[in-house]
Every structure is written in structure tokens, then in C-alpha cells.
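Chains as they are written, first to last, in this note's numbering: chain U, 1 to 91; chain B, 1 to 91.
There could be a bad hint or two in this list.
Identical copies look the same in the list; a pair holds intra-copy or inter-copy alike.
[Said to hold, decoys possible] Straight-line C-alpha distance at most 30 Å; calculated DSS-like pairs for lysine-lysine:
id	residue 1	residue 2
1	72	56
2	56	74
3	63	74
Worth flagging that the hints you see were computed from the coordinates, not collected in a lab. Bear in mind the structure is a predicted one, so any value in this text is a computation, not a measurement.
There are 2 protein chains.
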Amino acid sequence: MKLTIAIVLVTLTLFCRPASTEVCPSLLYVLGNLIAGTPSSYEATLEPFSPDEDMKEATSQLKTLIDTLSPKAKDSMLELMDMELQPDVLG
Amino acid sequence: MKLTIAIVLVTLTLFCRPASTEVCPSLLYVLGNLIAGTPSSYEATLEPFSPDEDMKEATSQLKTLIDTLSPKAKDSMLELMDMELQPDVLG
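Chain U extracted, bound-state conformation:
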């Protein structure tokens, strides 16, 4: 799974960079860590946004839920997210 995650995260970054150097990478970095990162790495990606207590609680719950998914399901989610970022998919 680690190789798949690495490939997908690099691909996400490459696809997003030409579109936006500011907006997309922040969101993608958060989403990548939400799906494939550890709880602490995901929490760290949120710190720059100074989430309030409700946001911290909600994202902690979300991360806990997502980590109940199988590695295969996480791989599939990352692959689909990659597809959603390719402009020509919707042709």
C-alpha cells in the first residue's frame, strides 16, 4: 500500500500544481494525510489552519472512522481522488 500511496500523492501534487500553486496543494496534503497518514501527521497538517475545538473534535472523529477502512479501500479512495483531479476525465 505504501508504494501506491506515494505514487498517488506525487501524482496528485503534479496534477494540481499547474492549476493552482496555493489552493489545491493545501487541501490535497490534508486529504492525503486524512486517508493515508497517521492520526498525528493528519493533525499536524491541520495546525496551520488553527482549527477551533469543534473542528479538532470533528476531524479526530473523521480520522478514527477512516482508519477503520481496509488498506485496499484506502487505496481505492486515493486512486479515485487521483481520477477526480484529472481535468480530461470529464472531457
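With chain U held as given, fit chain B onto it using these hints.
For chain B alone, coordinates are given in the frame of chain U:
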């Protein structure tokens, strides 16, 4: 919650549009429906990407998990996603 969702989704779209007219809206539309939509509306947002069976299964599991979160938690997630899309947050 509906008003908050509407405001956040409009804000997401407005913030994203200047950065990318192709990439971000697709992803944001999917994410917005994942958090705030019905299972069928979320499924409909994925159809254009022709997800395979594994992806359908994974996203169905994900949507089921997310729908166990409280409306308050979903609101907080949408607000945080909005913050992640504002380029000046990371100043």
C-alpha cells in the same frame, strides 16, 4: 445546517474558481456531497469518473461512516475545508 452547507459550498466554489476552472470544482463537488449530500447524490457525483467496483465499494463504506457523524461535526468539517481553501490562511 442547510444554510451553513449552502454558504460553505458557495464559498468553496468562489474561492476555488480563480485558482482552477477545471480541477478544483470537480473535487470540491465530490467532497461537498460526501459530507453533506445524500448517499445517492454522492454516488451521482462519482459516476462521471467511472469508478471501478472496488472504488464504489470503498466510497460507499466511506459515505456510510461519514453519515454517522453529527450535523455539528459535519458543519465543522465543512468550515475547516473552507479555511483550507483560503490561500491567505497560511500567509
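Here is how each hint holds up against the structure:
{"no.": "1", "hint": "72 to 56", "in the structure": "both (27 Å within a copy, 12 Å between copies)"}
{"no.": "2", "hint": "56 to 74", "in the structure": "both (22 Å within a copy, 12 Å between copies)"}
{"no.": "3", "hint": "63 to 74", "in the structure": "both (12 Å within a copy, 13 Å between copies)"}
Every hint, counting from the list given before, is met by this structure.
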